[in-house]
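First to last, the sequence lines map onto chains X and U.
Sequence positions in the first sequence follow the numbering used here and run 567 to 874.
Sequence positions in the second sequence follow the numbering used here and run 567 to 874.
Each hint should be verified, as a subset may be incorrect.
Identical copies go unnamed one by one, so any copy, or any two together, can satisfy a pair.
[Said to hold, decoys possible] No more than 20 Å apart at the CA atoms, straight line, and that leaves these computed lysine-lysine pairs for PhoX-like: (1) 750 x 703; (2) 703 x 593; (3) 637 x 863.
These are calculated hints, taken from the structure and not from any lab test.
These figures come from a predicted structure and were not determined experimentally.
2 protein chains.
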Amino acid sequence: MAEIFVVGHRNPDNDAIMSASVLADLKNKLDGDNHYKAVRLGPLPAESELVFTEFGVEAPELIDHVDEGQKIILTDHNELGQAVAGIDKAEVVEIVDHHRIADVSTAAPITFINLPLGSTCSIITKIFDYYGIEIEKDAAARLLAAVLTDTVILKSPTATEEDRTIVERLSAIVGVDPVEFGMKLFKSRGGDDDVTVEEICSRDSKEFNFGGKKVWIAQYETVDLEGLRSRTAEIAAQVEKVQADGGYDAALMLLTDIIQEGSDFIGAGDIKFIEDAFGISFAEGPVWMPGVLSRKKQVAAKLIEFTS
Amino acid sequence: MAEIFVVGHRNPDNDAIMSASVLADLKNKLDGDNHYKAVRLGPLPAESELVFTEFGVEAPELIDHVDEGQKIILTDHNELGQAVAGIDKAEVVEIVDHHRIADVSTAAPITFINLPLGSTCSIITKIFDYYGIEIEKDAAARLLAAVLTDTVILKSPTATEEDRTIVERLSAIVGVDPVEFGMKLFKSRGGDDDVTVEEICSRDSKEFNFGGKKVWIAQYETVDLEGLRSRTAEIAAQVEKVQADGGYDAALMLLTDIIQEGSDFIGAGDIKFIEDAFGISFAEGPVWMPGVLSRKKQVAAKLIEFTS
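The whole structure should be built from the sequences, with the hints applied where relevant.
Here it is, written out as structure tokens:
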């Protein structure tokens with residue numbers, strides 16, 4: 567019996583954590599010949615911790631690398647720059663994701679299910695259905711929480727009709743109102759005042775390769791961007807530090823107000839291509855981008871197209 | 567209404583042709599907002615022609631490139647070296663495949679369904695089921711033909727239990743015995759005597775990238791390898807010509823006997839890594855490899871692992 571790790575991306579968000587957690591459980595039900603273990607590559611987001619505690623589920627174990635030959639299932643990413651250290655010598659045996667098709671490759675044919683839905687946990691809900699396996703309350707809660715945070719309570723342009731249907735179904739199983747449950751998750755992150763600039767810039771950061779440029783893009787979601795703006799200079803300094811220390815060609819911070827539905831962009835480094843791609847200028851500091859809620863669909867996709 | 571091309575790999579085999587043909591029909595049923603058109607990148611295999619004629623279906627149209635911005639769905643491949651000319655400026659909007667995860671990438675999230683089944687047409691059969699769409703006789707015949715040729719009538723090590731179940735179901739819809747139908751398809755290719763060495767080497771050839779090496783691997787399936795061996799010298803000369811003219815680091819021809827269940831390997835160019843990977847030597851000419859029926863699972867996967 568092999569032990570197979572199920573792992574989301576680095577700097578895990580709630581969808582990365584929950585997709586690994588629930589998929590490991592599902593695989594253990596489907597495949598008695600192997601043992602699937604959910605693991606994570608960074609700290610638990612506050613909302614993940616809340617759900618694990620409230621529904622009595624053990625959180626995935628923290629790891630910092632995988633050994634040579636380790637079998638792994640990737641959830642919520644298929645991009646090497648976002649994957650566990652050691653992936654080049656590990657064996658990727660399955661991928662479930664909802665991002666662009668990137669650069670993870672395999673020697674043998676594997677199952678790779680990528681669908682353009684609002685969250686990886688929506689796809690995992692569909693995999694339960696495909697196998698006709700009942701979704702129990704604790705699994706429904708984990709899946710629902712991830713769909714709600716990843717789609718900003720279905721406000722993000724990444725949210726599809728299928729996500730809405732899935733949210734309705736899962737809410738009924740858990741016995742909660744989805745908007746109330748979603749707001750509880752976002753509020754669990756606490757007020758912005760308690761959060762250091764280091765955490766604002768690291769809570770949900772990802773590395774991308776845009777036409778050979780190594781670019782860091784972080785996103786911090788708040789319900790009170792106006793309040794956070796008093797710390798803009800401090801945050802901009804931290805973005806510059808990350809860009810320089812991390813050897814990034816460019817760094818871009820998105821401060822996203824999920825109530826106002828838009829983001830402040832703060833750039834550092836070689837940002838001309840970002841300015842050109844969006845038709846904006848950072849000359850006078852941060853730029854407010856109304857309607858921009860999705861790093862993936864509204865920011866990364868645009869920069870990939872622009873640099874390819 | 568956009569016109570979206572559905573296209574298999576270069577030098578199409580029966581699975582590449584039929585997967586594009588049937589998936590285009592299915593997408594036209596599912597999505598009234600766009601028109602899906604099956605196309606192909608090379609001559610029709612004899613068995614594809616037989617099925618299109620017998621079941622009154624129009625064959626995919628031959629194209630040699632796609633224009634900038636053309637939307638395309640890839641079937642039976644996700645490797646740039648096997649894809650249509652112009653893919654770098656086209657927009658890949660969906661992929662259905664059963665090979666290793668390779669190097670096609672996209673800017674935006676798309677549907678990518680890759681499953682380790684014996685043929686892409688097995689996956690398309692499952693997509694019909696997923697949407698609850700009835701498989702009509704002519705679609706069942708196209709799907710069945712592709713599963714049977716791609717799995718060498720279920721003898722290949724790539725054939726799974728699911729493929730067997732699918733073959734049973736599709737055979738019942740078409741009203742044929744699967745082994746008889748499969749043999750009829752293989753026999754439609756004609757005796758080897760009518761086939762030029764150029765065709766033996768081009769009928770099913772693919773380009774691979776193994777650790778930076780550009781490698782050509784072709785496969786020719788026969789029911790009488792013994793008869794074909796009288797032309798070994800002539801075939802070896804053609805393999806050398808392809809390797810030199812095509813600028814390949816190495817070329818490997820598999821002459822596969824589907825009755826004896828094994829292949830003669832004929833190598834050209836920088837073949838040391840192939841010799842090392844398989845523990846064989848081409849010093850005395852072609853090497854008989856008993857049990858080797860699958861280029862993908864038994865040859866390409868081994869060379870990828872060996873060179874990575």
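Status of the hints after comparison with the structure:
1. In this assembly of identical chains, residue 750 and residue 703 lie within 20 Å of each other by CA distance solely inside one copy; the values are 18 Å within and 53 Å between copies.
2. Taking the shortest Cα distances, residue 703 and residue 593 sit within 20 Å of each other inside one copy (17 Å), while across copies they are farther apart (35 Å).
3. Taking the shortest Cα distances, residue 637 and residue 863 sit within 20 Å of each other only across copies (18 Å), while inside one copy they are farther apart (30 Å).
Checked against the numbered hints given earlier, the structure satisfies every one of them.
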